[in-house]
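Trainee: Next come the chains, spelled out residue by residue.
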Amino acid sequence: MIDLVALAERVVARAKAGEEIEAYVARGHDVEVRAYEGEIESLSSATTGGIGVRVLVANGSEGARLGFAWAGSLDEEVVDSAVAEARDNAMFATPDPDVGFATPDGIATAELDLWDPSVADVATDDKVALALELERQVRADPRIRQVSSADYGDERIEVALASTTGVRAFSRRTAAFLSASAIAGEGTDSHTGTGFSVARGFAGLDADRAAQDAVLRSTRMLGAIKPASDRVTVVFDPRVVSTLLSVISSALSGEAVVKGRSFFAGRVGEKVATGSFTLVDDPTDPRAFAAAAHDAEGLACRRNVLIDSGVLQGFLYDTVSARRAGSTSTGSAVRGGYAGTPGAGCRALVLQPGHHDQQAVLAAVGEGVYVQSVTGVHSGVNPVSGDFSVGIEGLMVRDGELAEPVREVTVASTLQRMLQSVLHVGSDIEWLPGIAAGQTLAIGDMQLSGS
Amino acid sequence: MTAPPLIDSDVLERVLSASLAKGGDMAEVFAEDRQISSAILDDRRIEELSSGRERGAGIRVVIGETTGFAHTADLTESGLLAAAEAAAAVARRGGGGTEIVALPPRRPVPERNAVVPSQVEKTAKLELLSRADDAARSAGHAITQVQVGYGDSRRRVLIASTEGLLSEDDQIRTRLNVGCVATGDTGMQTGFESVARTEGFELFGRVAVEEIARIAAARAIGKLDARPAPSGELPVVLAGGSGGILFHEACGHGLEADHIVKDASVYVGQVGQQVASPLVTLVDDGTVSGEWGNYAVDDEGKSAGRNVLIENGVLTDYMWDWLRGRREGRPSSGNGRRQSYQHLPMVRMTNTFLLAGTEDPDELIAQTPRGVYVAKLGGGQVNTATGDFVFGTSEAYLIEDGKITAPLRDSNLIGNGPEVLRRIDAVADDFAMMPGTCGKDGQSVPVGCGQATLRIGGITIGGTAA
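Just so you know, the sequences run in chain order A and B. Residue 73 in numbering that gives the first Met the number 0 is what sits at position 74 of the first sequence, and the numbering runs on without skipping anything. Residue 252 in numbering that gives the first Met the number 0 is what sits at position 253 of the second sequence, and the numbering runs on without skipping anything.
The set of hints was computed from the structure by calculation and includes no laboratory data. Hints should not be assumed to be uniformly reliable.
[What the hints assert, rightly or not] Sample of chain B residues at the chain A side, in silico, Cβ under 7 Å:
no. : residue
1   : 209
2   : 261
3   : 262
4   : 438
5   : 442
Every residue, glycine too, gets a C-beta built ideally from N, C-alpha and C.
Please work from the sequences and hints to get the whole structure.
Mentor: Okay, structure coming up:
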């Protein structure tokens with residue numbers, strides 16, 4: 000097995016005079032099993048590896064030029080040509096005084112144990128058995144007509160980073176998941192529901208819970224109708240809130256702010272949300288799915304308070320966006336694997352919990368609509384303008400309880416207005432896959448558009 | 000001149016033979032060599048010039064209804080044999096014996112006469128970005144930010160299987176996109192436009208990037224005065240080429256055979272039935288040269304096809320890949336695609352379009368007393384099992400008294416596929432295509448969508464205005 004840190008260091012050692020080099024080297028192993036009708040539909044296993052190289056060439060008083068290249072291989076000769084390509088690409092970039100790599104800032108990295116060896120040690124047969132068991136449990140409910148997917152998956156990811164500016168970082172993490180999609184009902188009264196379970200390792204997975212969730216979410220939609228348009232209070236399910244926070248987070252990226260693509264720009268110190276809304280990004284919390292000791296430029300991840308009791312505190316920065324803003328990196332560089340370059344972003348958003356669980360939130364709201372899933376987030380939510388319009392499935396809330404199911408309906412507002420209309424933040428934090436935890440959230444005065 | 004194959008046939012034959020050593024009905028090697036280059040101009044700077052290379056092979060072993068899959072970036076014989084062994088792990092029957100695999104001779108890869116982007120000077124690509132940036136910024140003082148993206152890819156693929164199949168393709172794609180932010184008293188708005196074709200750099204001899212930029216800028220500026228979109232149900236007129244994505248979502252996904260064989264589509268058992276207005280004839284055609292979803296052979300080595308899915312409103316067929324076709328005892332329709340060698344193939348659309356009608360688009364608007372005119376659609380999403388789908392507007396206007404009037408803020412429209420298809424009551428003659436990226440089960444592939452101006456009698460608009 001290639002030593003990733005040594006490989007990254009070898010790449011960095013190739014820097015010529017007047018050059019800085021940064022190498023990001025990653026390796027992953029993954030297994031995926033899909034069960035169908037009591038058999039294995041597919042079993043995939045794979046090892047992937049690759050490198051991303053950034054080269055910075057000094058350009059006198061004008062700053063420096065940055066070039067990037069990547070390769071889906073860890074072979075030395077391929078790595079060599081990536082360095083050459085990155086160097087060549089740098090010749091064509093606009094010289095920029097703000098570009099540069101991270102330099103160690105003295106903040107210590109958190110001690111996080113994100114590696115569960117069971118992912119590697121458990122026999123494939125046991126992983127297959129768990130996927131089959133998940134499917135069996137979902138099908139056991141007579142109202143379930145079909146299980147379109149019942150999957151087990153796991154991954155092991157190792158990343159090494161090195162740069163001529165003094166960065167040396169290595170991290171590794173594991174994840175395992177179960178996911179089932181159930182279809183309840185017949186003909187035009189068909190409904191789907193997805194249930195899942197995620198954990199660091201095999202032992203943490205909960206097939207019962209994933210199966211029950213898929214069954215509950217599909218069967219409670221049976222008989223759903225299209226409701227009449229109305230002005231309503233909306234109670235969002237924790238999973239949906241995780242999605243909403245992810246969208247809002249793109250407006251909290253320092254990069255979006257310095258480039259004039261965020262509705263939060265210029266509003267630090269202002270009250271942008273109701274007093275009950277405190278939003279924190281803390282990748283050092285090991286319960287977060289994307290928890291990390293260091294960011295995608297090798298700086299220590301740290302806890303950043305973004306909105307405190309409704310007041311905007313600041314933004315998340317990587318090295319370049321921080322320089323542009325006249326600030327310093329918040330250890331918030333993220334990248335989409337070895338083929339991507341770093342940008343500023345969130346990893347572990349969570350709202351400060353309120354005092355009510357979901358049931359109590361519903362009781363407090365009294366009348367409204369509960370949203371269990373949303374569609375069209377990428378087409379109907381604009382984090383620049385704040386316009387918000389999504390398709391939903393869910394249940395009406397009547398007398399403080401879940402009532403009849405509704406479908407083929409949208410809810411709309413603007414993100415700005417929604418943040419100012421938060422009625423309740425739930426106490427029910429769920430650590431979900433992605434970059435944000437979920438918890439129940441009630442927002443007033445939204446437009447429900449139906450018949 | 001034909002380039003050397005990604006893997007020699009004698010190696011392929013030995014690897015395929017080893018793949019079935021423990022039993023199995025079919026084994027397949029999918030090899031891919033993908034070179035990508037991209038550049039981003041943002042905030043007036045050439046910010047990121049990127050080059051990437053990915054090479055590897057995915058090996059699939061099918062036994063009954065079970066598929067084993069493994070992939071490797073190591074294209075040597077030993078690397079491939081290791082992947083073959085991993086893929087064959089699902090074969091528990093054992094004792095498959097020795098299968099002799101003989102592949103047919105190579106056929107020449109179709110000539111494309113493309114200007115291969117990797118042979119174009121980087122400065123020529125960067126000049127496109129600057130020209131687009133200048134054009135967008137000169138569209139008006141309200142334009143406060145511009146991002147221009149350029150990308151090209153060359154994807155060589157080779158597919159060989161124990162069914163005696165040996166296919167190769169060489170796919171070249173080029174794209175340019177412009178995103179603008181306009182700022183006014185009411186806040187910020189965005190506008191986006193792109194051109195993307197399955198062809199080489201010659202694309203930019205024909206397409207002026209300034210025009211792409213001006214469209215994106217005008218879209219952002221126009222929305223500064225936009226009023227909230229209505230809520231509730233209204234007639235909607237979709238401009239020609241604004242987004243055949245309506246059909247992609249309303250029925251395209253539901254006609255993919257993997258959803259059909261799992262009884263996870265509202266279109267199960269509907270072949271021969273009236274599923275849409277008689278004005279609807281829907282085609283999926285991977286052979287349309289140059290369109291974003293075009294290829295010579297799919298990712299299972301099957302030639303691209305022209306498949307009529309709905310004819311005059313009657314469902315004629317679904318789209319098939321090898322695996323789902325085999326189940327029903329029929330051939331693939333050339334719709335087996337995968338994002339890369341690291342993925343299993345599944346049924347995917349190519350270029351999906353509604354054939355043009357006969358009406359005059361202006362007349363069609365004039366005959367609509369009140370409704371919404373959508374000049375440009377964003378993305379969409381469908382639940383194939385329920386048929387409910389959404390699609391977003393990124394440029395839309397009110398229609399009042401048969402005239403296009405006030406611009407509207409972005410919103411999603413929501414409907415049920417079969418219901419919406421039945422409510423299409425007019426189709427014009429101004430057919431146009433547009434490119435898109437289709438995501439399914441975690442895999443993204445390039446697709447084309449097309450349609451002429453058409454009207455839906457009523458669909459729910461998810462705005463905020465009462």
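Trainee: With reference to the structure, classify each hint as holding or not holding.
Mentor: Verification of the hints:
For residue 209 of chain B, the interface hint is violated, the least distance from its beta-carbon to any beta-carbon of chain A being 20 Å, above 7 Å. Given the 7 Å rule on beta carbons, the hint for residue 261 of chain B holds: about 5 Å separates it from the nearest Cβ of chain A. Given the 7 Å rule on beta carbons, the hint for residue 262 of chain B holds: about 5 Å separates it from the nearest Cβ of chain A. The closest approach between the C-beta of residue 438 of chain B and any C-beta of chain A is roughly 9 Å, which is over the 7 Å cut-off, so the hint fails.
For residue 442 of chain B, the interface hint is violated, the least distance from its beta-carbon to any beta-carbon of chain A being 13 Å, above 7 Å.
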